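Student: In the order they appear, the protein sequences are chains A and B.
Under this note's numbering, the first residue of the first sequence is numbered 1, with each subsequent residue one higher.
Under this note's numbering, the first residue of the second sequence is numbered 1, with each subsequent residue one higher.
It cannot be assumed that every hint is accurate.
Derived list of chain B stretches under chain A, where covered just means 3 residues or more per stretch with a C-beta under 8 Å from a C-beta of chain A [stated by the list, open to error]:
1. 62-74
2. 110-116
3. 176-182
Pair ranges (Cβ atoms, derived) [said to hold, decoys possible]:
4. B/G47 x A/H93: 52 to 60 Å
5. B/G160 x A/K79: 39 to 47 Å
6. B/L113 x A/E78: 32 to 40 Å
7. B/V118 x A/L80: 41 to 49 Å
Hint data in this document are derived by calculation from the structure and do not stem from the laboratory.
Note that the coordinates shown come from a computational prediction; the quantities given were computed from them, not determined experimentally.
Cβ atoms here follow ideal geometry from the backbone N, Cα and C, with glycine treated the same way.
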Amino acid sequence: MNAPERPGASRSLLEVAGLHCVRDDKDLFTGLDFNLHAGQILLVEGRNGCGKTTLLRILCGIRAQESGTVRWCGEPIEKLGASYHQRIAYVGHHDGVKRELTVLENIRLAQALGNPSERSVGDILEIIQLLGYDDVPAQVLSAGQRRRLALSRLLATNSVLWILDEPFTSLDSRGIAIFANLMATHSADGGLVVMTSHHPVDLNGVEIRRLRLF
Amino acid sequence: MNRRSLTRAFLFLLKRDMLISFRRRSEAINPLLFFVIVVTLFPLGIGSDTKLIQAMAPGVLWVAALLASMLSLDSIFRSDFEDGSLEQLLLSAHPVTVLVLAKVTAHWLVTGLPLMLVAPLLAVLLGLPGQGLSALMLTLLLGTPVLSLVGAIGVALTVGLRRGGVIISLLVLPLYTPVLILGSSTVQFAAAGLPVNGQLSMLAAMLALALALAPLPTAAALRLSLS
């Protein structure tokens with residue numbers, strides 16, 4: 001349970017079949033199919049309002065789809081419930097960072113709620129370049145720093161599937177480089193990433209699959 | 001997930017919510033302030049009829065406690081909803097019902113428990129006979145957690161709406177009335193020197209029922225509100 005699973009690359013971990021979603025009586029997408037194998041990175045593209053965020057929320061299991069299935073290792077995610085949630089880390093539009101709590105407390109919280117990784121808090125702070133900010137309340141951080149703190153969830157928990165909605169928003173080029181690196185390493189370790197981004201994404205040459213929504 | 005990590009998550013979330021309330025003290029103290037103000041204003045409004053005030057004391061204390069508890073309900077999930085923490089709670093590796101229970105417990109420790117501790121002072125102010133004091137504290141100890149637990153269902157249903165305040169009252173008040181009736185009548189009986197074991201057992205049963213059942217619809221309602 002502690003190390004990310006590394007099944008043979010031939011097997012698809014995440015299977016999406018015939019996904020249909022309606023919002024405000026309008027079809028957002030119909031008959032959406034894709035499979036993701038271990039180590040693959042999927043970039044969901046499309047104009048504003050085409051349902052990228054909705055798709056990611058369906059993949060998390062926060063939102064229910066009209067029809068179609070999302071399967072993890074062959075099992076529908078609704079059936080897996082919390083044991084699916086142990087495998088995923090989601091960073092959405094909202095940071096999910098408690099502003100009243102310090103940086104350290106926020107990271108500890110992420111660890112307590114998820115499936116904590118072996119990384120120490122010090123290591124995490126060093127990677128996201130917030131070393132020395134442990135006791136600073138999150139509300140005095142800049143937007144970019146807070147985004148890095150939100151993304152630290154990826155490091156604090158042992159998740160196989162990262163679902164990231166516009167992860168690079170308000171990050172500077174250095175911040176983007178940190179997380180592009182992390183995603184490349186995660187993919188090399190057999191992890192999966194599903195993300196949306198308005199920024200051009202370059203993950204150090206790692207192949208990125210693209211899914212275009214209309 | 002094993003039981004130890006579940007306990008850890010429960011305690012951590014409880015601690016987190018209490019810490020946040022502590023850092024937002026000025027907001028957290030509002031329900032208590034409301035309770036004290038309402039109860040102290042009653043004798044001023046009624047006048048010098050001490051018999052009447054004494055007779056009304058159990059009802060006044062309980063109604064004020066109920067309203068104070070209801071006013072503070074929105075804070076259980078509102079800020080978590082707005083900053084995205086609620087999504088993270090629903091996506092946690094632990095059962096949502098346990099996390100809901102942790103949040104409601106924290107809410108009660110911050111709002112319900114202080115009411116219970118201050119109530120005897122206000123009861124003396126209203127001239128409630130001494131033999132009613134322990135019953136007052138006991139009924140509040142058993143009753144206010146029920147209010148928090150049941151109220152959490154209402155908040156979870158309305159947290160997605162921009163102005164959920166009025167709807168919460170409509171949803172939750174009918175469910176609050178049995179607690180109010182039982183709570184204040186128990187105090188009246190005790191003040192008159194009658195045995196109240198039966199009523200206290202009923203309140204305890206309500207609490208047990210709410211503890212066991214309320215987190216389930218709350219978790220379901222949170223999922224609905226976020227989807």
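Student: How does the coverage statement for the region 176-182 of chain B fare against chain A, requiring three or more residues with Cβ below 8 Å from a Cβ of that chain?
Tutor: With 0 residues in contact (Cβ-Cβ under 8 Å with chain A), the coverage given for the region 176-182 of chain B is violated.
Student: Do the beta carbons of B/G160 and A/K79 sit within 39 to 47 Å of each other?
Tutor: Check failed, 25 Å falls outside 39 to 47 Å.
Student: Assuming the hint says 52 to 60 Å, is it satisfied by the Cβ distance from B/G47 to A/H93 or not?
Tutor: Since B/G47 and A/H93 have Cβ atoms about 57 Å apart, the given range 52 to 60 Å holds.
Student: Does the hinted range 41 to 49 Å hold for B/V118 and A/L80 at CB?
Tutor: 47 Å, holds
Student: Go check the region 110-116 of chain B versus chain A for me, would you? Three or more residues, Cβ under 8 Å, otherwise it fails.
Tutor: violated (count 0)
Student: Does the Cβ distance between B/L113 and A/E78 fall inside 32 to 40 Å?
Tutor: 38 Å Cβ-Cβ, so the 32 to 40 Å window holds.
Student: Would you say the region 62-74 of chain B counts as covered by chain A, given the rule of at least 3 residues with C-beta under 8 Å?
Tutor: n = 0 at 8 Å, threshold three: violated.
This entry does not satisfy hints 1, 2, 3, 5, going by the numbered hints stated previously.
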